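S.K.: Turn these sequences into a full structure, and let the hints guide you.
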Amino acid sequence: EAQVTQNPRYLITVTGKKLTVTCSQNMNHEYMSWYRQDPGLGLRQIYYSMNVEVTDKGDVPEGYKVSRKEKRNFPLILESPSPNQTSLYFCASSLWHMANEQFFGPGTRLTVL
Amino acid sequence: SQELEQSPQSLIVQEGKNLTINCTSSKTLYGLYWYKQKYGEGLIFLMMLQKGGEEKSHEKITAKLDEKKQQSSLHITASQPSHAGIYLCGADRMSETSGSRLTFGEGTQLTVNP
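From first to last, the protein sequence lines are chains A and B. Numbering-wise, my numbering puts 64 at position 64 of the first sequence, and it's gapless, one number per residue. Position in the second sequence (first residue = 1) + 1000 = my numbering.
One should not assume that every hint holds.
Cut-off 30 Å, straight-line C-alpha distance, at most; resulting in silico cross-link-like pairs (DSSO-like, lysine-lysine) [said to hold, decoys possible]:
1) B:K1036 with A:K71
2) B:K1027 with A:K57
3) B:K1036 with A:K65
4) A:K69 with A:K18
5) A:K71 with B:K1038
6) B:K1056 with B:K1068
7) B:K1038 with A:K57
8) B:K1038 with B:K1056
9) A:K65 with A:K18
10) A:K65 with B:K1038
11) B:K1027 with B:K1068
12) A:K57 with B:K1036
13) B:K1051 with A:K57
14) B:K1027 with B:K1051
15) A:K71 with A:K57
16) B:K1038 with B:K1017
Pairwise CB distance ranges (calculated) [unchecked claim]:
17) A:T86 with B:K1027: 27 to 33 Å
18) B:I1044 with A:L113: 27 to 33 Å
19) A:N51 with B:S1007: 33 to 39 Å
20) B:G1052 with A:P61: 29 to 35 Å
Derived by calculation from the structure, the hints in this document are not laboratory data. Since we're looking at a predicted model, the values are computed, not measured. Quick reminder that beta carbons are idealized off the backbone N, C-alpha and C, glycines included.
M.R.: Put into structure tokens, the structure is as follows:
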């Protein structure tokens, strides 16, 4: 089944404790992206990747890191999480960066205490 | 400020009624997408529009992109409780550094009462 998977789905952590949210797609997509969704602010892009080893900042990259060492994986790293990073996070992928349907993962609900 | 403005922010309708959700941009839209989201879940792709004046339909949902490619509407005919959720419009935006990226409106929360 073609899909985007994220892990973990739920995470409660404390300020400053490094964490990684994994994202994997099995559709051989070139383009991958991370978003966060917050009430009143909608869906905002954190980072995106046009291809392996090519990443770029989205609208809200501060406090996040990403890497794209393989086409299928695009982990989101929070080196020192803070409470303002409490949010619902989505990973997405598409065949190409424009004019293509983006497939979304099920979301990761992160709480930073 | 949001690059894409959606209206209304929320909508409550009686089952069987028709409804329209709008998405407006101050800039020309290269690609306009409509997604549906159940609360707390991932987004499900509905339709993509690219050409001015384009219209697409899927079951009871019709989306249109105006001739100037700055406004899109999503119309649901004879709404059902299964249509309830958050509807988001998204648009391709050219990046200054590389390629393009997708930006979204804030979403429209739709409730359909039986």
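S.K.: Could you work out which earlier hints the structure fails to respect and list their numbers in ascending sequence?
M.R.: No hint contradicted; all consistent.
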